[in-house]
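Novice: This is what each chain is made of:
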Amino acid sequence: MLVKLNISALSETRWYQYLVRFLLGGLITAGAGIIAKKFGPSIGGLFLAFPAIFPASVTLVEKHERERKEDRGLEGKQRARDAAAADAAGATMGSIGLIVFAVVIWKLLPVHAPWSVISGGTLVWAAVSSLVWFGWKRDWFLRYGEQVLASKRKAPRGPDNQKDLAAKL
Amino acid sequence: MLSGLREPGGTLKDILIRFFIGGAVVSAFAVIGDLFKPKTFAGLFGAAPSVALATLGLTVISHGKLYAAIESRSMLLGSIALFIYLSVITQVLVRTKFNVAAVTVAGTVLWLGVALGLWVLANGS
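As you go down the protein sequences, you meet chains A and B in turn. Numbered per the numbering used here, the first sequence spans residues 1 to 169. Numbered per the numbering used here, the second sequence spans residues 170 to 294.
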């Protein structure tokens with residue numbers, strides 16, 4: 001199975017770590033509202049995609065992975081770093097879904113019922129992000145890139161290339 | 170409770186409502202992310218539209234659909250900046266030994282620079 005549920009991970013997070021996420025999430029949401037009020041929705045809207053809790057989350061991932069390895073008597077520094085990088089790579093794929101989410105809301109919100117657009121946009125985010133992740137996992141993009149490179153290598157040389165070659169000789 | 174958003178002078182109430190709803194939605198997405206394995210899939214939730222969901226609903230109630238659509242247009246630019254920020258952070262974590270917390274926090278300056286740069290380009294001023 002590609003994706004698994006790991007309920008025990010919840011017990012690894014301490015109460016104050018939940019509190020930090022809550023405070024950061026609350027602060028950036030309130031902050032985005034204040035910025036929109038002061039500078040207008042055009043500037044305020046930028047902060048709806050601010051990496052609010054990403055630094056806290058990725059640091060937490062690194063900490064948990066290191067502790068897990070050290071509990072088994074292993075040196076977990078590099079493994080923890082790899083886990084943090086994997087989390088960041090996942091978030092990068094999620095941000096592609098967020099770009100599509102923003103387009104859906106921007107284009108459909110003025111002409112459709114707000115709640116259906118916002119909930120539909122969230123489903124689109126989940127679908128696009130998961131699809132990008134699945135494609136990455138199955139090497140779709142790598143294979144596509146290789147096909148493009150292979151087709152370029154096979155392309156016959158044009159007259160300009162032959163002229164360049166003749167000039168060099 | 171949400172009627173406070175429409176009241177004149179209800180600024181502090183507005184900020185508090187946004188704070189608590191934002192904190193709850195962001196925490197919920199973070200907890201959902203914690204539940205999944207592998208790490209790359211769990212990481213998807215690091216870029217969930219949590220702040221946007223908390224904000225857009227309240228904005229539609231207080232300022233209307235068009236105001237929220239303007240915010241969403243700018244959110245598109247912020248999302249592109251987020252993609253660039255996260256791509257750079259991933260490469261830095263893979264290729265260097267810098268401290269994870271320091272890299273991710275310092276990197277938010279990159280996000281801000283790219284987001285504002287894109288905003289200036291899009292608005293032509």
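Accuracy of the hints is not assured; some may be wrong.
Examples of chain B residues lying across from chain A (beta carbon under 8 Å, computed) [what the hints assert, rightly or not]:
(1) I201
(2) D203
(3) V263
(4) G282
(5) V283
(6) G286
Only pairs whose alpha carbons sit at most 35 Å apart, straight line, appear in this in silico DSBU-like list of lysine-lysine [unchecked claim]:
(7) B/K234 / A/K63
(8) B/K234 / A/K37
(9) A/K69 / B/K234
(10) A/K152 / A/K63
Covered stretches of chain A (chain B as the covering partner; in silico rule of three or more C-beta atoms under 8 Å from a C-beta of chain B) [claimed, not checked]:
(11) 31-37
(12) 47-57
(13) 67-76
(14) 93-103
These are computed hints drawn from the structure, not numbers from a lab. For each residue, glycine too, the CB sits at the ideal point set by N, CA and C.
Novice: Hint check: is the beta carbon of B/I201 less than 8 Å from a beta carbon of chain A?
Specialist: Since chain A brings no Cβ nearer than about 10 Å to B/I201, farther than 8 Å, the hint is violated.
Novice: Holds or violated: the hint that B/V283 contacts chain A, with Cβ atoms closer than 8 Å.
Specialist: This hint is violated: B/V283 lies away from chain A, its Cβ roughly 10 Å from the closest one there, beyond 8 Å.
Novice: Using 8 Å as the Cβ threshold, decide whether B/G282 counts as touching chain A.
Specialist: This interface hint is violated because 12 Å lies over the 8 Å limit.
Novice: Is the interface hint for B/D203 satisfied, with its Cβ closer than 8 Å to some Cβ of chain A?
Specialist: Hint on B/D203: holds, closest Cβ of chain A at ~5 Å, below 8 Å.
Novice: How about the segment 67-76 of chain A: do at least three of its residues have a C-beta closer than 8 Å to a C-beta of chain B?
Specialist: violated (count 0)
Novice: How about B/G286: closest beta carbon in chain A under 8 Å, or not?
Specialist: violated (11 Å)
Novice: Between the segment 31-37 of chain A and chain B, see if three or more residues pass the 8 Å beta-carbon test, and mark the coverage as holds or violated.
Specialist: Holds: 5 residues of the segment 31-37 of chain A have a Cβ under 8 Å from chain B.
Novice: Apply the coverage criterion to the segment 47-57 of chain A and chain B: a residue qualifies when its Cβ sits closer than 8 Å to a Cβ of the chain, and three qualifying residues are needed.
Specialist: Holds: 10 residues of the segment 47-57 of chain A have a Cβ under 8 Å from chain B.
Novice: Quick check: the segment 93-103 of chain A, covered by chain B? Criterion 3+ residues, Cβ under 8 Å.
Specialist: holds (count 10)
Novice: Is the Cα-Cα distance between B/K234 and A/K37 35 Å or less?
Specialist: holds (16 Å)
Novice: Can you confirm whether the C-alpha distance between B/K234 and A/K63 stays at or below 35 Å?
Specialist: violated (42 Å)
Novice: Would you mind confirming whether the straight-line C-alpha gap from A/K152 to A/K63 stays at or under 35 Å?
Specialist: violated (45 Å)
The structure shown violates the earlier hints numbered 1, 4, 5, 6, 7, 9, 10, 13.
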